[in-house]
Amino acid sequence: DTGVSQDPRHKITKRGQNVTFRCDPISEHNRLYWYRQTLGQGPEFLTYFQNEAQLEKSRLLSDRFSAERPKGSFSTLEIQRTEQGDSAMYLCASSGHRGGTDTQYFGPGTRLTVL
Amino acid sequence: AQSVAQPEDQVNVAEGNPLTVKCTYSVSGNPYLFWYVQYPNRGLQFLLKYITGDNLVKGSYGFEAEFNKSQTSFHLKKPSALVSDSALYFCAVRDLRESLSSSNTGKLIFGQGTTLQVKP
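Chain order of the listed sequences is A and B.
Residue numbering for the first sequence follows the numbering used here, starting at -12 and increasing by one per position.
Residue numbering for the second sequence follows the numbering used here, starting at 46 and increasing by one per position.
Watch out, some of these pointers could steer you wrong.
If you want the footprint, here are the derived chain B segments under chain A, 3+ residues with CB under 8 Å [as the list claims (entries may be wrong)]:
(1) 76 to 88
(2) 156 to 162
One-sided excerpt, in silico: chain B residues whose CB lies under 10 Å from chain A [said to hold, decoys possible]:
(3) V49
(4) Q51
(5) D54
(6) F91
(7) K94
(8) F135
(9) C136
(10) A137
(11) D140
(12) T150
(13) G151
(14) K152
(15) L153
Please keep in mind that the hints were generated in silico from the structure rather than gathered at the bench.
Each residue gets a CB set at the ideal place from its N, CA and C atoms; glycine is no exception.
Chain A on its own, in the form it takes in the complex (with noise of 0.2 Å):
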């Protein structure tokens, strides 16, 4: 079990320039989960995937934003024409097949700087 992976660990971007960033979970579990944390705050959710469907987005993630996850194993969340409001620390998160009682294990997160 090498655990949740996150891909980079830190972006530098300009404003109006598109990022991708990549989640690996833990091999065997089937639900996934972005959440965006901004300074001083709790984690917040984005979105949600159940092998490769995507079952629910929040109302924070604009039009600019759009996640897959094509073959139920890694998921990318690209975010087009970034603003400085993006800035944030994005997490992933993966559990198992007994839903919400299953533990959600997150990734180190990838923080990005909008300039």
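Use these hints to put chain B onto chain A, whose structure you have.
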């Protein structure tokens, strides 16, 4: 709506003393409650969870939490604090609402976090 509150932004304790980090929740139905810890520039590490059963839940690194239904609380405790326990602690509740797809996602709703400072 499901929510959790962590009333203290920061808790300071001396090493060796007991510590308590407070959390209260508001849910409809039975709550599923979690505690996570976050070290600087790191992701969240799971400490413990309450699903059902014994109100005293034991977790990692000597932490425990007491579920109190009448007070809607789930306070995190440790009998003897270590300097290395200094970190940011988050309480979370599982969202029990069904999503539009009729599949309960199990997403977590987090409190604002409490910084624990343990001084030697």
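Hints, one by one, checked against the model:
A stretch counts as covered by a chain when three or more of its residues have a beta carbon under 8 Å from one of that chain; for the region 76 to 88 of chain B and chain A the count is 6, and the coverage holds. Given a C-beta distance limit of less than 8 Å, the hint that chain A covers the region 156 to 162 of chain B holds, as 3 residues qualify and 3 suffice. For V49 of chain B, the interface hint holds, the least distance from its beta-carbon to any beta-carbon of chain A being 8 Å, beneath 10 Å. Because the closest C-beta pair between Q51 of chain B and chain A is about 8 Å apart, less than 10 Å, the hint holds.
Against a cut-off of 10 Å between C-beta atoms, the interface hint on D54 of chain B holds, since the closest Cβ of chain A lies about 9 Å away. With a least beta-carbon distance of about 5 Å to chain A, the hint placing F91 of chain B at the interface is held under the 10 Å criterion. Interface hint at K94 of chain B: satisfied, since its Cβ lies 6 Å from the closest Cβ of chain A, which is below the 10 Å cut-off. With a cut of 10 Å, the hint placing F135 of chain B at the interface with chain A holds, because the nearest CB-to-CB distance is about 5 Å.
Look at C136 of chain B: its Cβ gets to within about 9 Å of chain A, closer than 10 Å, so that hint holds up. Because the smallest distance between the Cβ of A137 of chain B and any Cβ of chain A comes to about 8 Å, under 10 Å, the interface hint for this residue holds. Interface hint at D140 of chain B: satisfied, since its Cβ lies 8 Å from the closest Cβ of chain A, which is below the 10 Å cut-off. Look at T150 of chain B: its Cβ gets to within about 4 Å of chain A, closer than 10 Å, so that hint holds up.
With its C-beta approaching chain A no nearer than about 4 Å, G151 of chain B sits inside the 10 Å limit, and its interface hint holds. Interface restraint check: K152 of chain B against chain A, minimum CB-CB distance 4 Å, threshold 10 Å, status holds. Nearest Cβ of chain A to the Cβ of L153 of chain B: about 6 Å, under the 10 Å cut. The hint holds.
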